[in-house]
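**Student:** Chains as they are written, first to last, in the working numbering: chain B, 1 to 106; chain X, 107 to 218.
Treat the hints as calculated values from the structure; they're not laboratory data. Warning: the hint list may mix true and false statements.
[Stated by the list, open to error] Residues from chain B shown here face chain X by an in silico Cβ test under 8 Å; the list is partial:
| # | residue |
| --- | --- |
| 1 | E3 |
| 2 | H33 |
| 3 | G41 |
| 4 | G42 |
| 5 | I43 |
| 6 | M48 |
| 7 | K93 |
| 8 | L94 |
Computed from a predicted model, the values in this text were never measured in an experiment. Backbone N, C-alpha and C define an ideal beta-carbon position, used for all residues, glycine too.
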Amino acid sequence: KNEVEQSPQNLTAQEGEFITINCSYSVGISALHWLQQHPGGGIVSLFMLSSGKKKHGRLIATINIQEKHSSLHITASHPRDSAVYICAVDTDKLIFGTGTRLQVFP
Amino acid sequence: EPEVTQTPSHQVTQMGQEVILRCVPISNHLYFYWYRQILGQKVEFLVSFYNNEISEKSEIFDDQFSVERPDGSNFTLKIRSTKLEDSAMYFCASSVQGAGYTFGSGTRLTVV
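Model the full assembly from the supplied sequences, consistent with the hints where possible.
**Tutor:** Here's what the structure looks like:
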């Protein structure tokens with residue numbers, strides 16, 4: 001069983017839609033990270049969470065430590081949000097989920 | 107904003123050859139990591155490095171792999187005798203404890 005599970009694996013949306021990506025994990029962690037990977041391959045850190053909720057622009061990330069679950073929300077999605085979104089948990093190293101490929105169409 | 111720099115961006119090598127992938131971490135970061143991503147798969151941990159020594163390594167990081175910090179700024183990953191299955195994107199990352207990670211843009215290694 002994977003230590004980090006993400007859903008859905010693929011997501012297609014129309015511009016303006018509200019997007020939710022989910023992440024569940026099964027190990028003890030010090031933090032959870034949401035990352036973005038564009039087609040060129042580079043990885044960008046979006047959020048680091050150890051509790052509660054964080055917001056940056058149209059992106060919101062939440063974590064429930066007791067349930068070992070996190071969500072990434074994108075409000076008013078835009079085609080430029082199209083990317084792979086990856087959940088990774090921090091156990092003195094990062095353990096990555098398989099990613100969610102998001103495509104937003106105009 | 108400070109960056110982690112990786113070179114080269116692409117490397118093609120023949121099977122059995124040695125390759126060295128280079129990384130310049132952010133200057134005040136103390137923890138360094140190598141990860142790899144085989145095409146179509148998830149990112150996997152290879153090795154972490156702190157205080158000039160390996161702090162943890164994965165099962166993937168066998169005797170073919172080594173890491174060094176040769177001059178206090180560069181952080182290198184060496185693969186001694188490359189195999190076809192070493193073809194992947196290799197990412198370097200650095201961090202300050204308790205803070206986030208900064209990733210380099212990756213080196214795409216193709217073994218032919």
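**Student:** None of the hints should be skipped; say for each whether it holds.
**Tutor:** For each hint, the structure was consulted:
no.	hint	verdict
1	E3	11 Å, violated
2	H33	7 Å, holds
3	G41	5 Å, holds
4	G42	5 Å, holds
5	I43	4 Å, holds
6	M48	4 Å, holds
7	K93	5 Å, holds
8	L94	7 Å, holds
In the structure shown, a violation is registered for the earlier hint numbered 1 alone.
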